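A.B. asks: Protein chains in written order, with the numbering used here: chain A, 18 to 358; chain B, 18 to 358; chain C, 18 to 358; chain D, 18 to 358.
Some hints could be false.
Each pair may be met inside one copy or between any two copies, as identical chains are not told apart.
With a Cα cut of at most 25 Å, we get these calculated PhoX-like pairs of lysine-lysine [claimed, not checked]:
| id | residue 1 | residue 2 |
| --- | --- | --- |
| 1 | Lys170 | Lys35 |
| 2 | Lys201 | Lys171 |
| 3 | Lys171 | Lys62 |
| 4 | Lys275 | Lys201 |
| 5 | Lys240 | Lys182 |
| 6 | Lys286 | Lys201 |
| 7 | Lys294 | Lys171 |
| 8 | Lys177 | Lys62 |
| 9 | Lys294 | Lys35 |
| 10 | Lys313 | Lys136 |
| 11 | Lys50 | Lys327 |
| 12 | Lys136 | Lys241 |
| 13 | Lys286 | Lys171 |
| 14 | Lys275 | Lys315 |
| 15 | Lys292 | Lys171 |
| 16 | Lys171 | Lys136 |
| 17 | Lys182 | Lys294 |
No wet-lab data here; the hints were simulated from the structure.
These figures come from a predicted structure and were not determined experimentally.
There are 4 protein chains.
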Amino acid sequence: MVLFYSDYLEGCIPEILKELNDSNFCQTPGYGKDDFCEEARNLIKSRCASPDADVHFLVGGTQTNATVIASILRPHQGVVCAATGHIAVHETGAIEHSAHKVLTVPSVNGKLCADDLSKLMHLHYDQASPEHEVQPAMVYISYSTELGTLYSKKELQDIKAECCKWGMPLFIDGARLGYGLASKESDITIEELSALADVFYIGGTKQGALFGEAVVINNPALKKDFRYYIKQNGGLLAKGRLLGIQFKTLFTDDLYFKYAKHAVDLACKLSDAFKAKGYEMFAESSTNQIFPILPKAKASALAQQFGFEKWCDIDADHMAVRFCTSWATRTEDIDSLIANL
Amino acid sequence: MVLFYSDYLEGCIPEILKELNDSNFCQTPGYGKDDFCEEARNLIKSRCASPDADVHFLVGGTQTNATVIASILRPHQGVVCAATGHIAVHETGAIEHSAHKVLTVPSVNGKLCADDLSKLMHLHYDQASPEHEVQPAMVYISYSTELGTLYSKKELQDIKAECCKWGMPLFIDGARLGYGLASKESDITIEELSALADVFYIGGTKQGALFGEAVVINNPALKKDFRYYIKQNGGLLAKGRLLGIQFKTLFTDDLYFKYAKHAVDLACKLSDAFKAKGYEMFAESSTNQIFPILPKAKASALAQQFGFEKWCDIDADHMAVRFCTSWATRTEDIDSLIANL
Amino acid sequence: MVLFYSDYLEGCIPEILKELNDSNFCQTPGYGKDDFCEEARNLIKSRCASPDADVHFLVGGTQTNATVIASILRPHQGVVCAATGHIAVHETGAIEHSAHKVLTVPSVNGKLCADDLSKLMHLHYDQASPEHEVQPAMVYISYSTELGTLYSKKELQDIKAECCKWGMPLFIDGARLGYGLASKESDITIEELSALADVFYIGGTKQGALFGEAVVINNPALKKDFRYYIKQNGGLLAKGRLLGIQFKTLFTDDLYFKYAKHAVDLACKLSDAFKAKGYEMFAESSTNQIFPILPKAKASALAQQFGFEKWCDIDADHMAVRFCTSWATRTEDIDSLIANL
Amino acid sequence: MVLFYSDYLEGCIPEILKELNDSNFCQTPGYGKDDFCEEARNLIKSRCASPDADVHFLVGGTQTNATVIASILRPHQGVVCAATGHIAVHETGAIEHSAHKVLTVPSVNGKLCADDLSKLMHLHYDQASPEHEVQPAMVYISYSTELGTLYSKKELQDIKAECCKWGMPLFIDGARLGYGLASKESDITIEELSALADVFYIGGTKQGALFGEAVVINNPALKKDFRYYIKQNGGLLAKGRLLGIQFKTLFTDDLYFKYAKHAVDLACKLSDAFKAKGYEMFAESSTNQIFPILPKAKASALAQQFGFEKWCDIDADHMAVRFCTSWATRTEDIDSLIANL
């Protein structure tokens, strides 16, 4: 069996493993105050052309989302996202657990539209007594999205403009940031993305690290006391060096992007193969997740040899499924899968 | 410089590192549903003689404490602990962040006394309108404590009896459980401790893992839906296998306890040396943390060669300091430190 | 100007005012432990044919909803309601403030359907890893609804059956309970409604009291420690007698229902007049709130003499508006309004 | 039996009752947007010589404390108060329910000392990693205190100076503000107190209103969106006019202070009588609450005719008790009580 369930099926890229081995007996202070973390922070700031950013390392995506959002919102405020946003549907209410409402707008191919955001804001503020409703106060989007889709630079700029109009920070969940930026469809660089985001994070867990997410805070108003938030939310890893070592490695020789490109290229190859066979796609993804719609019989047959995830039923006879590639996916396994279509 | 700041200065025990290397390319399902985790759960249940327990793996201590406590308490209830309890003073209000009050009783050598617990319970319930106060509803203790001290079996039994009297679960924070059980002073086994605790955890982070805490839930009423709580609190590691691999290793060949004994033996040696030189101790620890009281000049001199933590001022000329040993501490470094006293 | 903005424009029914005057210098214990409250509790239990219920008095609706829901849910659980539910849209996230997600299903004429509830439950539980989502764990409906509409007895029974199937309590917001039960369309009694609800409340604020909501808890599992929840949520009125006096009065001589009928009769008269003039209704209400759709010019003209609320835009030329009647509405004012149509 | 249990045993001062009667059929908009509220706000701002303040009305003390504190603190921050502070011990964890820790300093005769505050702040900030602890970020004091005692102007200025030094708002709980200011011991005016407080409230519930607390926000940074917080915390009374009517009346002809003086004078008379009989006092109160220490036999005898509250045991034979006077206390009842000593 070869598994395509997700992009976190294996351990980590060999370069990280080597660094972990090499550094194992080195003594360092805890909680991210070590030199590995400092070096990783500098590499990231440099790569993002964001020299004044604050960079922090957390362990996982749900934790990072909850921490960042709790650090920004006041109790009466909510975060706006697409109905398919990870924080809205797949984090067991971690945002509500820190007492904030997630305000959703319709998802268009996995994305939030600036126009829908504008409508929501007007609905809130164009009433005599807005204080009876949760105040929308920040925007959350994912790049790439939960459906593997991508915002164009223009779409991001429009969302950012809308945010600015209402004084709202823009937060970009980059759990799969590398896969997004490595896509042929992407028309934006990490430097440009960083310039648009008040805060965003660079996902490690799904991009070749054992675990870890690097939060980049560009908006100075959002920097204060962030370490308190990390600690309160259980994200201040005692052996913080592990995060430093991993991100230092990922941002050395641009490994982060090279491995992402490997995964995306294989996903494209697979996607093209599905399309060539006449299968439709549930979402127009150009990143490392693809969502072909299969006859259920065909899905069952494939599942004898390959692991993949059922996404949702389409009709009585068809379902959408998800195949994920990663840094660890082997070309021969993709070829074998294609041969089986 | 040799550092004794804490027990999380290095990476992990070599046996774990080897397993991580060996398993790196193995494909596993995420979120703790892999075979490594299953094997680790079985080893722990067996070692604790708690075959019916549920075992879950989380990443760090603050996260584990917040998750367990949130899973037990109702909104109007609080957790009782010693004034020196980690949850009371050193987790940035993570318990309050999940909306619960930490109710403290005086700390006696780092410990909570059954008598003080009894008094607190009577104060609450022996009033006409207890509903104006937070209801004490569970007890949190640490083994070993934040001051490196240990409860005797009798003390634990008394606390447990008091808990039973009021229908309160007993939760034992075992971030340094192994160091406690490995102490010569300890008169309890892990099997006996597990039998007393409604829920407890076995610390990995400070005991030779890269990270990780294994929660053992013995009380059937506390088992339901625990994975929801882990996820909501950001503790459901995507690559859960990492936790499985580590705990499987720690509980193979009793490595967990062997390494703990190594650390405790060296700490005792150091403690004896301090005492032989006439230094008093801030706390009567017999585990891997020791707290000598030093003249400030002496402390400054020692700090030229050895890293240790200032604990608190005693008077104008003296301070208590903390030395920690760990699985990684070398005998020659302890000898060199002793030579410098 | 005569105002029809809401049903809380005036003070209270004269009978309550008289009782407040008569009792003013009487000394009573605080926090609901007085005889007035005891008498009111007994009257309510008797009227609801729920002798074993616990009855508590709170001050307002948002507070009551937040308190009841917080008393029922565990942290990882959410409350299911129609998308138009008051808790979903009009309480500034009070439910999220106590850390719970509000899970919405489509609103059908202001109502939640048993079928949609069933679908939601299956979606949650028919997946391999439900713990990544908030667990739906109770149902909130309003009787009458936010759109003035009513559930039939059959609809309520179907919802209740679905709740029982999944072990979920049913909570009925009765801020406008009397108006609902007094409607000609209603096919249920308060006794029957109480038998269906695990917990519900009888609204005072919008039904002739100065303020106050009477919570009736039928499910024994939900009774424990409820006074703690009230106090914690700021709802334990020091002069609790005020609530006792008001509900005692409302449930003497069935005043609660007599005044409700008065309001509903006038609303029906007004509704009939609108329909007779050819206006369509935004919602099919048979209670004290009606929602005619008016040409904007007509609305402006009416607004010269009568106060009413804009509900929402329908198209460029039309809007839905809301007229509310209450215990205090005078027949001559309704006649004058009708004359102006 | 004459009751001295508390200052909320009766309804309200006759002047308020008259206004409620007179206004009962008047139609007003809801939620505090009526003219009564506007007039009350202006009277309060004028009386406090705080023309730029924002004034809001809430229903009860616990609700007000929770709302104000939630509006000020960030998630990682706590509120500092004396160990006897109402928020620390008598509000069922309402502050923790909104996710904030209450950080206590020793209570000195019911009061917080500037020196203890200074020590707490230094302990927090004079460490290398303060982010492992809750950040103290505002100060809560009561005037008069829970023990009926008063801060001198100098003590208040010292606390304020310490607050300013650390950039922390000072919040004064004035549930019994009038009784404090009416005391002969008081050396401060309401204008001066308002000038010192970033935010404070004027208690109605315990000072002759049926219910209600008037929050005065002086610090411009704390004004934004306060109505959202009130609504979210269940404090936005639908018939807000009731609060306007009551505070308008209390602040007409200085009734608030006249009635307070009446209560305080009677309490002093009673206190003097206890002292003349040789009884010691548990706290040095000069306001409307007094705390004599009585032999238990004496207390039992008195309790045959007079209602009062046991405060705490002093020794096997003695207990401290509390007598409260209020606007409604009659001179003849005090005389009769004194005759019984």
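A.B. asks: How would you classify Lys240 and Lys182 at a CA-CA limit of 25 Å: within, between, both, or neither?
C.D. replies: both (21 Å within a copy, 22 Å between copies)
A.B. asks: When Cα atoms must be at most 25 Å apart, do Lys313 and Lys136 count as within-copy, between-copy, both, or neither?
C.D. replies: between (39 Å within a copy, 21 Å between copies)
A.B. asks: Within a copy, between copies, both or neither: which one fits Lys286 and Lys201 at a CA-CA cutoff of 25 Å?
C.D. replies: Within one copy only: 12 Å inside a chain, 62 Å across chains, cut-off 25 Å.
A.B. asks: Within, between, both or neither: how does the pair Lys275, Lys315 come out at a Cα-Cα threshold of 25 Å?
C.D. replies: Neither. Shortest intra-copy (33 Å) and inter-copy (53 Å) distances fail the 25 Å Cα cut-off.
A.B. asks: For Lys294 and Lys35, with the copy left unspecified, which applies at a CA distance of at most 25 Å: within, between, both, or neither?
C.D. replies: Close neither inside one copy (41 Å) nor across copies (44 Å); limit 25 Å.
A.B. asks: First find the shortest C-alpha distance between Lys201 and Lys171 inside one copy, then the shortest across copies, and answer within, between, both or neither for a cut-off of 25 Å.
C.D. replies: For Lys201 and Lys171, only the intra-copy Cα distance (16 Å) is at most 25 Å; the inter-copy one is 56 Å.
A.B. asks: Classify it for me, Lys292 with Lys171: is the Cα-Cα distance of at most 25 Å met within a copy, between copies, both or neither?
C.D. replies: Result: close neither inside a copy nor across copies, 28 Å intra and 49 Å inter.
A.B. asks: Is it within, between, both or neither when you check Lys136 against Lys241 at 25 Å Cα-Cα?
C.D. replies: between (31 Å within a copy, 23 Å between copies)
A.B. asks: Are the CA atoms of Lys171 and Lys136 at most 25 Å apart within a copy, between copies, both, or neither?
C.D. replies: For Lys171 and Lys136, the Cα distance is within 25 Å only inside one copy (19 Å; across copies 38 Å).
A.B. asks: Is it within, between, both or neither when you check Lys50 against Lys327 at 25 Å Cα-Cα?
C.D. replies: So Lys50 and Lys327 pass the 25 Å test across copies only (17 Å; inside, 42 Å).
A.B. asks: At most 25 Å between alpha carbons: which applies to Lys286 and Lys171, within, between, both or neither?
C.D. replies: neither (27 Å within a copy, 55 Å between copies)
A.B. asks: Should Lys171 paired with Lys62 be assigned to within, between, both, or neither, using CA atoms and 25 Å as the limit?
C.D. replies: within (24 Å within a copy, 50 Å between copies)
In the structure shown, a violation is registered for the earlier hints numbered 1, 7, 9, 13, 14, 15, 17, in ascending order.
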